[in-house]
Amino acid sequence: MKLTPLGDRVVLKQLEAEETTASGIVLPGKEKEKPQQAEVIAVGPGGVVDGKEVKMEVKVGQKVIYSKYAGTEVKLDEETFIIVKQNDILATVE
Amino acid sequence: MKLTPLGDRVVLKQLEAEETTASGIVLPGKEKEKPQQAEVIAVGPGGVVDGKEVKMEVKVGQKVIYSKYAGTEVKLDEETFIIVKQNDILATVE
Amino acid sequence: MKLTPLGDRVVLKQLEAEETTASGIVLPGKEKEKPQQAEVIAVGPGGVVDGKEVKMEVKVGQKVIYSKYAGTEVKLDEETFIIVKQNDILATVE
Amino acid sequence: MKLTPLGDRVVLKQLEAEETTASGIVLPGKEKEKPQQAEVIAVGPGGVVDGKEVKMEVKVGQKVIYSKYAGTEVKLDEETFIIVKQNDILATVE
Amino acid sequence: MKLTPLGDRVVLKQLEAEETTASGIVLPGKEKEKPQQAEVIAVGPGGVVDGKEVKMEVKVGQKVIYSKYAGTEVKLDEETFIIVKQNDILATVE
Amino acid sequence: MKLTPLGDRVVLKQLEAEETTASGIVLPGKEKEKPQQAEVIAVGPGGVVDGKEVKMEVKVGQKVIYSKYAGTEVKLDEETFIIVKQNDILATVE
Amino acid sequence: MKLTPLGDRVVLKQLEAEETTASGIVLPGKEKEKPQQAEVIAVGPGGVVDGKEVKMEVKVGQKVIYSKYAGTEVKLDEETFIIVKQNDILATVE
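Protein chains in written order, with numbering that gives the first Met the number 0: chain A, 0 to 93; chain B, 0 to 93; chain C, 0 to 93; chain D, 0 to 93; chain E, 0 to 93; chain F, 0 to 93; chain G, 0 to 93.
Keep in mind that a hint or two might mislead.
[Stated by the list, open to error] Below, a sample of chain F positions facing chain E; criterion: calculated Cβ distance under 8 Å:
id, residue
1, 56
2, 58
3, 66
4, 89
5, 91
[Unchecked claim] Under the rule of at most 25 Å between Cα atoms (straight-line distance), these lysine-lysine pairs were calculated in the BS3-like manner:
id, chain 1, residue 1, chain 2, residue 2
6, E, 51, A, 51
7, D, 58, C, 51
8, C, 84, D, 58
9, A, 12, B, 62
10, E, 51, D, 51
11, G, 74, A, 62
12, C, 74, B, 84
13, C, 54, B, 84
14, A, 74, A, 51
15, F, 84, G, 54
16, E, 54, C, 51
17, G, 1, A, 58
18, B, 1, C, 51
19, C, 84, B, 54
20, E, 74, D, 84
21, D, 84, E, 58
22, F, 54, D, 51
23, B, 74, C, 84
24, E, 84, D, 1
25, F, 12, F, 58
26, E, 54, D, 84
27, F, 54, E, 51
28, A, 54, A, 1
29, D, 1, D, 74
30, A, 58, G, 51
31, B, 51, G, 51
32, C, 12, C, 74
33, D, 1, E, 51
34, E, 1, F, 58
Honestly, the hints are just simulated from the structure, not real lab data. As the structure is a computational prediction, the values presented were derived from the model and not from experiment. Using N, Cα and C, we set each Cβ at its ideal position, and we do this for glycine too.
Using the sequences provided together with the hints, build the complete structure.
Structure representation (structure tokens):
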């Protein structure tokens with residue numbers, strides 16, 4: 000099964016394992032907004048969203064930091080995905 | 000009886016049976032926003048909604064993940080439908 | 000006496016009797032937003048409302064599902080009407 | 000003394016007596032928004048209000064149903080008036 | 000000392016004495032919004048305020064009814080003034 | 000050290016001493032919004048801020064009344080400054 | 000590893016040591032909004048963000064005062080960064 004996001008939405012898969020590596024990434028919880036590292040799985044087509052032209056900037060396979068606050072978790076074939084708006088992605092990580 | 004949505008609204012029918020299949024889709028509840036899988040039953044004409052041009056992207060028969068938060072349940076001839084704005088549909092599922 | 004709605008407003012008359020018919024329409028209550036079936040009694044002229052051009056899509060006599068949340072009840076000559084904005088009408092029913 | 004409303008504001012005088020006539024208008028209270036019948040006493044010039052062109056549609060002497068929620072009561076020469084924005088007037092009554 | 004308001008702001012001086020005259024103006028308190036009669040002391044230049052062109056309509060010396068809710072009290076040389084946006088002035092009184 | 004404000008921001012220095020002079024300015028506290036007299040220390044360049052063209056109207060050295068509500072206090076080299084948006088400055092004082 | 004901010008976002012690194020120097024910067028806490036001094040580490044490309052053209056004004060290496068309220072902390076390779084929108088940067092410090 001395959002998720003195809005609409006508009007300016009992006010499907011992410013959280014990279015949880017790396018949170019425990021010694022020199023890796025640790026993302027401390029804040030009450031209102033928990034930043035998260037994730038991989039981009041699918042990218043919506045962009046276009047006019049809520050009356051504004053949105054150009055998609057992220058690409059499938061990129062690692063990103065996102066703001067979990069507005070995301071929606073979806074389980075599909077026993078994998079968990081997160082669907083966010085591109086605007087909830089703060090930065091890419093290389 | 001037949002529901003014809005206005006503007007950018009979409010009539011959905013929830014796919015509840017699949018929630019219990021072994022390798023199927025499980026949609027964990029979040030307090031503020033419960034994502035849901037559903038089938039598209041009817042699609043509004045789009046056009047200018049709240050001063051913004053909206054083009055309808057979903058089609059009758061598609062399976063979609065939607066954010067239940069803003070939806071409205073309607074029972075008609077003993078079937079339950081959900082009416083959402085297209086913007087509350089996060090992704091299509093294939 | 001006659002109610003003439005202004006702008007994008009619509010005067011509705013609730014169809015309450017049908018809630019109790021066996022195969023009829025049942026509208027389950029949700030705390031924040033109670034959908035309702037009603038008949039369109041009068042339709043405002045539309046035009047520029049809050050700086051946005053609104054075209055009226057509903058017609059007198061149509062049966063509609065509306066979101067009761069923003070509506071205002073008015074009793075006139077012992078009949079009760081509901082005045083809503085067209086945007087609070089979700090779908091027509093045939 | 001005379002009240003001259005600014006912008007898209009309208010001066011109303013509530014028609015309270017009619018609430019007690021047998022076949023007259025009864026306006027049931029709702030907690031958030033109490034609709035009211037009133038007579039139009041004075042109408043502002045309209046024009047650009049909050050960056051949007053507003054055309055005044057109501058006329059002095061008309062009876063209107065308004066949403067009391069945003070109105071402001073003013074007592075002048077022992078009479079009580081209500082100043083509302085035209086957008087808070089829901090319908091005219093004939 | 001002299002107050003010169005910026006943008007669409009207006010400096011007012013409250014007319015408190017008249018609240019006690021027999022046939023004068025009485026402004027009953029409402030919890031959220033206390034209307035007030037005042038004299039216009041100084042008027043800002045208007046122009047583009049928050050991205051919108053504002054034309055000043057009130058003149059120094061006019062008596063006005065304003066919504067106190069958004070106003071700011073300032074004491075200068077032992078006199079108290081109120082600074083409001085023109086949009087918080089509901090009507091002029093003659 | 001020197002603070003250079005960005006966009007439509009203005010650096011102010013509060014004039015606290017004058018609050019105790021006999022015929023000076025007294026600014027009574029209001030719970031939500033405490034007006035304050037201050038001197039303009041530095042003025043941002045203006046330009047397009049949040050999609051809107053802002054022209055800076057205040058000048059270094061002017062005395063102004065501002066609404067403290069949205070301001071941010073900064074201590075630099077043992078002096079305290081306040082950074083506000085120009086829109087939070089209500090009037091100049093001469 | 001390297002953080003590349005999207006849109007109008009800026010990656011900052013807090014300058015905490017200077018808070019304790021005698022003649023340095025002390026940033027007193029306010030409940031809703033804690034101003035902070037930081038160094039700019041990376042700057043997004045700007046462009047159209049939320050339908051509005053944003054031009055990036057800050058440069059890598061600048062010291063800035065920012066409003067912590069909307070920022071997001073990220074730990075990467077045992078260093079802590081803050082990702083803010085450029086609009087949350089109040090001033091540069093020299």
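For each hint, the structure was consulted:
no.: 1; hint: 56; verdict: holds, 6 Å
no.: 2; hint: 58; verdict: violated, 12 Å
no.: 3; hint: 66; verdict: holds, 6 Å
no.: 4; hint: 89; verdict: holds, 5 Å
no.: 5; hint: 91; verdict: holds, 5 Å
no.: 6; hint: E/51 x A/51; verdict: holds, 20 Å
no.: 7; hint: D/58 x C/51; verdict: holds, 22 Å
no.: 8; hint: C/84 x D/58; verdict: holds, 21 Å
no.: 9; hint: A/12 x B/62; verdict: holds, 21 Å
no.: 10; hint: E/51 x D/51; verdict: holds, 9 Å
no.: 11; hint: G/74 x A/62; verdict: holds, 15 Å
no.: 12; hint: C/74 x B/84; verdict: violated, 31 Å
no.: 13; hint: C/54 x B/84; verdict: holds, 18 Å
no.: 14; hint: A/74 x A/51; verdict: violated, 30 Å
no.: 15; hint: F/84 x G/54; verdict: holds, 18 Å
no.: 16; hint: E/54 x C/51; verdict: holds, 21 Å
no.: 17; hint: G/1 x A/58; verdict: holds, 17 Å
no.: 18; hint: B/1 x C/51; verdict: violated, 30 Å
no.: 19; hint: C/84 x B/54; verdict: holds, 22 Å
no.: 20; hint: E/74 x D/84; verdict: violated, 31 Å
no.: 21; hint: D/84 x E/58; verdict: holds, 22 Å
no.: 22; hint: F/54 x D/51; verdict: holds, 21 Å
no.: 23; hint: B/74 x C/84; verdict: holds, 23 Å
no.: 24; hint: E/84 x D/1; verdict: holds, 22 Å
no.: 25; hint: F/12 x F/58; verdict: holds, 13 Å
no.: 26; hint: E/54 x D/84; verdict: holds, 18 Å
no.: 27; hint: F/54 x E/51; verdict: holds, 13 Å
no.: 28; hint: A/54 x A/1; verdict: holds, 23 Å
no.: 29; hint: D/1 x D/74; verdict: holds, 11 Å
no.: 30; hint: A/58 x G/51; verdict: holds, 22 Å
no.: 31; hint: B/51 x G/51; verdict: holds, 16 Å
no.: 32; hint: C/12 x C/74; verdict: holds, 11 Å
no.: 33; hint: D/1 x E/51; verdict: violated, 30 Å
no.: 34; hint: E/1 x F/58; verdict: holds, 17 Å
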